[in-house]
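Listed below are the residues making up each chain.
2 protein chains.
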Amino acid sequence: MDYTIQLEKIQQAVGILQEKNIDAWLTFVRETEHNADPALPLICPVNVTWHTALLITKSGYKVAIAGRYEIVNFERMGCWDECIKYDQSIQPALLEVLDRLAPQQIAVNYSESDTAADGLSHGMYLTLQRYLAGKPYQIISAEGILNSLRGRKTPAEIARIRAAVALTDDIIGRITKYLKPGLSELEIANYVHGEYAKEGVIPSWDTAYCPTVTVGPDSPQGHVSPSAEYVTAPRNTVRIDQGVVLNDYISDIQRVWYLQPAGETSIPQPVQHAFDAVRGAIMAAWDVLKPGVQGAVVDDAARNFIVTAGYPEYQHAVGHHIGRTVHDGSTLLGPRWERYGQTPFGIVEAGNCFTLELGVHVPGYGLVSLEEDVLVTENGNEWLGKPQTEIIVVKV
Amino acid sequence: MDYTIQLEKIQQAVGILQEKNIDAWLTFVRETEHNADPALPLICPVNVTWHTALLITKSGYKVAIAGRYEIVNFERMGCWDECIKYDQSIQPALLEVLDRLAPQQIAVNYSESDTAADGLSHGMYLTLQRYLAGKPYQIISAEGILNSLRGRKTPAEIARIRAAVALTDDIIGRITKYLKPGLSELEIANYVHGEYAKEGVIPSWDTAYCPTVTVGPDSPQGHVSPSAEYVTAPRNTVRIDQGVVLNDYISDIQRVWYLQPAGETSIPQPVQHAFDAVRGAIMAAWDVLKPGVQGAVVDDAARNFIVTAGYPEYQHAVGHHIGRTVHDGSTLLGPRWERYGQTPFGIVEAGNCFTLELGVHVPGYGLVSLEEDVLVTENGNEWLGKPQTEIIVVKV
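First to last, the sequence lines map onto chains C and X. Numbering of the first sequence is given in our numbering, commencing with residue 9 and proceeding in unit increments. Numbering of the second sequence is given in our numbering, commencing with residue 9 and proceeding in unit increments.
One thing to keep in mind: the hints can contain errors.
Identical chains blur together in the list; that is why a pair holds if it fits in one copy or across any two.
[What the hints assert, rightly or not] Here are the simulated SDA-like cross-link-like pairs (lysine to any residue), alpha carbons at most 25 Å apart as the crow flies: (1) Lys206 - Val253; (2) Lys93 - Gly224; (3) Lys403 - Ala241; (4) Lys143 - Trp345; (5) Lys206 - Asn255; (6) Lys188 - Gln350; (7) Lys66 - Met85; (8) Lys66 - Glu321.
Don't read these hints as lab results, they were simulated from the structure. Here the structure is a predicted model, which is why all the values come from computation and not from measurement.
Chain C extracted, bound-state conformation (with noise of 0.2 Å):
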C-alpha cells in the first residue's frame, strides 16, 4: 500500500492548524465504504467499518483510535503516534485522548457549504455530541481546514491529475477518428467505456453520464444519460464531457467536434462565433484567476463576457475544484447563488486545480461547450493538459 498522498496531507494538515489557530481536528467515522467521508482518503487510504477516530492536534501529535480487527491499517502507516485500539466502545479511549491532550477547540466535519468538508453524518454528530456531554470542548466546523488541506495539492498530487488529465486527452484523439454521422450518443459512450477499460480506468463521475454525450441540436443539456435517440448528422455539434480516475485523481474536460460535410470549407458562422465566444470567456476567467481572488470574481469575468457576446448566462459555475473527485471541495469559481452557499466567497490558493467551463446552445446544430483543467500557482497559471483552441473538425 503506498500512504505517500495521506503521509503529505497529514503533514501539511499540521500546518494548516497553526496557520488557522485550531487546536485540533478529529474525523470521526464508521462503515466509510457507504457512508464515506470525503475528508478520509486523504488522511487514511482505506475503508473502515467500527466507529474511527482521527486526531491531528496543532502540535503536530496524531492519534488513531479503531476497532480492533482495523488497527493494523493504521500501525501500518507509521505516522501515527498512538494507535489505540477498542473493542466495545470508542467512548472510553476517545474521552481518555481528548481530556488528555485537552484541545479547546475541535474542528469536526461538517459544513453547509462545501460539501467534500461534510463527511460527518447527523447521527454521527448526535454520538460525537452524545459521548462529549458535560466536556468543556468547542467543536467546530473544519471546513476551513479542508478547504485548504484538500485545496492545495501537494507535489505528489498535481502530478497524478496531470497523468489523468493526459490520458484523457490521449482518449480524445480516439474519439476524433472514431466520430461520423450515424452514431448515437449511447453508442459514442459505450465506445468511450470501451477505451476506458482498455486503460484499466473508470468515470470520474457516475458511469452513466460520464461521458455526457451531447449529439446535434435537439439533445437536452446537463448531466444526462446519453440516449439512444440523438445520432450524429452532418452539421452537428458533438460535444463530450468526460474524465477518468488515474491512480486516485481525476480530469474533467470537455471537447467540441463538428462534423463538417463534404464541399463545406469553413465553419458555419454561429457555431464558430459560438466557440470563440467560449474560448473567449474561459480566457477571460483566466485572466483573473490567481492566488487571493474570491471565486465569484473569476465567474463575474466569463460570465460578464460570454453575456456580452450576445448569449445567455451558463446556470452553474464557471469552475470547481478538481482532485480526488471531480467537485473537490469549496472555493467555487461560480456566481453568488444561494444553491452554493458560502463556497463562492473563498479565496483562490496557490496549488488549486480548478475547471474552466461553459457552453452555449447553437440552435440548427448543437451544444458548444468547453472545459480545460487549470493549475494556479505563485507564478501563473498553468494548463494541466492541451487546451482546445479551435472546433476540432471531422470530415464527413
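Place chain X on chain C using the hints.
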C-alpha cells in the same frame, strides 16, 4: 437504464409508510458522488450534484425536486408524480411542495445506530433546519422506514444476491485448484483480483482487504490487507473472506482450506475440532433465525455455542444484512454492545438476507472461520449458496 429495483423499492416504501403511519419520507442529498446517502440508490439509480429532494408520502404521492441539469434523470424513471427543476435554490420549490402536501411528520435519513439510514450529513441537516425554520413539520428519523425498506429484499434483489453468491462459489472452486505451499497472502489476493477482473466484477468491499487472506498461525486477524510476509506452508490453514459486486448486489463468504502434507491422512484434531465448533455455532444461529426474533438472540445462540465448545468469544456480530452493500443496514445479529447502538435489538423480517459468520484461531495452524449467506422467509431459511460443511483439503 434499468429502473426495475428502484420502482419496486419506491412502491414498497409507500406500503412501509402506511404500515408505520408516517406521513412523508424525505431523502435530501447533494454531491452524492462523494457524499453518498446509502438510501439514494434504493430509489434513484444515478448520483446527483445539486441539492435534490425526493419526497414520498403515505398516500403514495411522489415528488422529485432537482437541479435543471439533472431533472431529466427523474423524468425518465416515469414514477414521480411531479418532477420539479430549479436553478438558484431548492428552497422555494421544497417549501411550496411541503406546504401543499402538509405532512405532520417528515422522516429524514439520520440514525445513530444504523449507518445505512444515516446518509443525511450534519451540514445538510443544518440546511434543512434553516429552510424549515418556523414551519410546523416534525422532523423525525427515517431509521425504521429504511430498516424495513432496505431489509425486506424484493424478488429481483434476491435473484441478484444469489447470482453474486453463485459467482463467488465458482471462484472458491478455482482458488482450491490454485492453492499450494509458498504463496504469500498478497499473491493469493492478487490471484483472486485477477479472477474478479476476468468476470468483470469488483470486490464487495475495499479492494485493499477484499479478499482478506489469512495464512497460517502468525497472520493478524481482521480487516487487514494481505501481506507479503505470511506464506503458505504444509499444515497451515488458509482462510479467505471475500465477495463480489455483481449487477449492484453483493456476496460475502468465508471459506477455510487446510494444506495437507503427503502421508497425513486426517485433519489434525485441533483444526477439525475448531471447524466442528464453528460450523456448529453457525447452525445454532440458523436454528433460531426466523421472522420476529431479535437480532441479539441469534448472536446469543452462536456465541453460547462457541464458548461452550471451549473457544473465546468472537469480537464481532455473528451476522449482518447483505444486499447492495456488505453491511446492508440495521438489525444486526450481534451482541448488545454500545458500539452497535440499537441494531442488535432490531427484529428479523421475512425477506432479510444475512451473513452467518465466525471463526477461531488454532495455535500452530491458523484461522478457522466460516461465513454463509442466508435468506429468511416465512417458511424457514434458505442458504443463498452452498454452505461449507467440511474443511477443503488441498494435498501438498
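Here is how each hint holds up against the structure:
1. Both within a single protomer and between protomers do lysine 206 and valine 253 lie at most 25 Å apart by alpha-carbon distance, with minima of 13 Å and 20 Å respectively.
2. For the identical chains of this complex, lysine 93 and glycine 224 are inter-copy neighbours only, at 23 Å across copies versus 58 Å inside a copy, given an alpha-carbon limit of 25 Å.
3. For a Cα distance limit of 25 Å, the shortest separation of lysine 403 from alanine 241 inside one copy, 11 Å, qualifies, whereas the shortest one across copies, 64 Å, does not.
4. Proximity of lysine 143 and tryptophan 345 under a CA criterion of 25 Å is satisfied inter-copy only: 23 Å between copies versus 38 Å inside one chain copy.
5. For the homomeric pair lysine 206 and asparagine 255, the shortest alpha-carbon distances inside one copy (15 Å) and between copies (21 Å) are both at most 25 Å.
6. In this assembly of identical chains, lysine 188 and glutamine 350 lie within 25 Å of each other by CA distance neither inside one copy nor across copies; the values are 44 Å within and 59 Å between.
7. In this assembly of identical chains, lysine 66 and methionine 85 lie within 25 Å of each other by CA distance solely inside one copy; the values are 20 Å within and 50 Å between copies.
8. For a Cα distance limit of 25 Å, the shortest separation of lysine 66 from glutamate 321 qualifies neither inside one copy, at 44 Å, nor across copies, at 40 Å.
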